[in-house]
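**Q** If you're matching them up, the sequences are chains A, B, C and D in order.
The working numbering puts the first residue of the first sequence at 108, with every later residue one more than the last.
The working numbering puts the first residue of the second sequence at 108, with every later residue one more than the last.
The working numbering puts the first residue of the third sequence at 738, with every later residue one more than the last.
The working numbering puts the first residue of the fourth sequence at 738, with every later residue one more than the last.
A few of these clues could be false.
To be verified - In silico DSS-like pairs for lysine-lysine, Cα to Cα no more than 30 Å straight-line:
#1 C:798 / A:140
#2 C:864 / C:877
#3 B:140 / D:798
#4 A:140 / C:877
#5 D:864 / B:140
#6 D:877 / B:140
#7 C:798 / C:864
#8 D:877 / D:864
#9 D:877 / D:798
#10 C:864 / A:140
If you are wondering where the hints come from, they were derived from the structure by calculation, not from laboratory data.
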Amino acid sequence: MIEVLFFARLRETLDLARLALELSEPTTVGALKAQLAARGASWQALFAGCQVLAAVNQEMADDATPIRPGDEVAFFPPATGG
Amino acid sequence: MIEVLFFARLRETLDLARLALELSEPTTVGALKAQLAARGASWQALFAGCQVLAAVNQEMADDATPIRPGDEVAFFPPATGG
Amino acid sequence: MTDDVRILTTGLDPAALTTELVNDRAHSQGALVTFVGMVRDLSANPVTAMQLEHYPGMTEKSLAAIIGRARARWPLGRVLIAHRVGLLHPGEPIVFVGVTGGHRREAFAACEFLMDYLKTEAPFWKKEFTPDGERWVEAKPSDCEAAQRWQAAQQQQ
Amino acid sequence: MTDDVRILTTGLDPAALTTELVNDRAHSQGALVTFVGMVRDLSANPVTAMQLEHYPGMTEKSLAAIIGRARARWPLGRVLIAHRVGLLHPGEPIVFVGVTGGHRREAFAACEFLMDYLKTEAPFWKKEFTPDGERWVEAKPSDCEAAQRWQAAQQQQ
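Chain A with its partners taken away, still in its complex shape:
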């Protein structure tokens, strides 16, 4: 199992804050994004763009970052704090 979190515009568009996914073997952020994009039109629109950032275990990640069972993965737009 992995936990996938969504924040801000992504959370609102998907109407989903968290998602538990089965993970039988290690994957990558890029592969997970492709898998999520296949879930439907709104997912496709969000994950095809370049405006989705990812974190694995609360550290910034890129498409090559590995994901292992038990990890916490998050997707969110570029930060606008401060």
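On the provided structure of chain A, position chains B, C and D as indicated by the hints.
**A** Structure of chains B, C and D alone, referenced to chain A:
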């Protein structure tokens, strides 16, 4: 007449905060410094160095700045505020 | 040295934080630079309220990492970052960054560095409420460029 | 816009000045940068007290002129400079410079610019009292160089 003010280390060394001087005709800061340096050893030591700054009517001045009757002239060390 | 990262749901008081840094006898320093970011109050572009969302856990980690990078570049005394989350109104403080140091040069540089990285790397997101509806604030390219500026300066050293 | 230059014989309160700038509804701005300079408290170099002398009249004029130069370079909201004179003790604030602006970049630059020029051009002089006696603080070449840095930047524009 002109009024000559001394601040900080100059004031303490000369034991003098202000001095009224007769001024019959316009002079310059450089000429006034030479005139003051001739007043004695401590004056000579202060005004011969390059660490004395001058202001005329509360604006920074250099040796060429003219001094006219009624002006306020001040001598002081480089600023150390802030 | 003590680092402080405070995520606040209410009551970010720049005056109280300033006093805390000025009065810090344990790390007595000659210079303090603070930055306060506030909800803008522009009549041409009325924002009636702002919602600040964040990623609890990652927020604190990323701010601590940014402070670590600043400390690696400059000798600093206290560093204090406070950031509001939740609902804010025009004029209210969103963020406070305070840095003390022995000299003003590094306190200014570190405070600006912290703000540049906070804006691009710390997981906060703003949503604005206006008379025409609500909208998520879009990240500005200039914020990314600002963070890249420091990386270029580092490479030149 | 309101400029404030305050020469104080007692009670420079950075927190109160910060609050004044944060709460200024008339010039509502998104960014505030403040600098606070304090009497250093170094055990290796004990200063028991400090006397701040100034040139009344010229002080106010020179600070107003420095603010004018900052406003000519950057669009700014409020600028507030407060400076203590008289007797000070370790840890006490000597100077406060606060600048508000629409964007942090100009608020940081203007605040640092104001401090650089204040230190070299405003007629203040510090005398330190130590267990070994009293001494006038000597101007540092680095303060002069700091002011010259801005002139070089101006010429390059």
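**Q** Next, verify each hint and record whether it holds.
**A** Against the structure, the hints come out as follows:
Straight-line distance between C-alpha atoms of residue 798 of chain C and residue 140 of chain A comes to about 24 Å, which keeps the hinted pair within the 30 Å bound. Simply put, residue 864 of chain C and residue 877 of chain C have alpha-carbon atoms about 14 Å apart, close enough for the 30 Å limit, and the pair holds. Of the pairs offered as hints, the one joining residue 140 of chain B and residue 798 of chain D holds, with about 24 Å between alpha carbons and a cut-off of 30 Å not exceeded. Of the pairs offered as hints, the one joining residue 140 of chain A and residue 877 of chain C holds, with about 24 Å between alpha carbons and a cut-off of 30 Å not exceeded.
About 25 Å separates the Cα atoms of residue 864 of chain D and residue 140 of chain B, which keeps this hinted pair within 30 Å; it holds. Only pairs whose Cα atoms come within 30 Å are accepted, and residue 877 of chain D paired with residue 140 of chain B is accepted, the gap being roughly 24 Å. Proposed proximity of residue 798 of chain C and residue 864 of chain C is supported: the alpha carbons are some 23 Å apart, at most 30 Å. Taken as a hint, the residue 877 of chain D and residue 864 of chain D pair is honoured in the structure, with Cα atoms around 14 Å apart against an allowance of 30 Å.
This hinted pair checks out: residue 877 of chain D and residue 798 of chain D have alpha carbons roughly 23 Å apart, not beyond 30 Å. Between the alpha carbons of residue 864 of chain C and residue 140 of chain A the distance comes to roughly 25 Å, so the proposed pair stays at or under 30 Å and holds.
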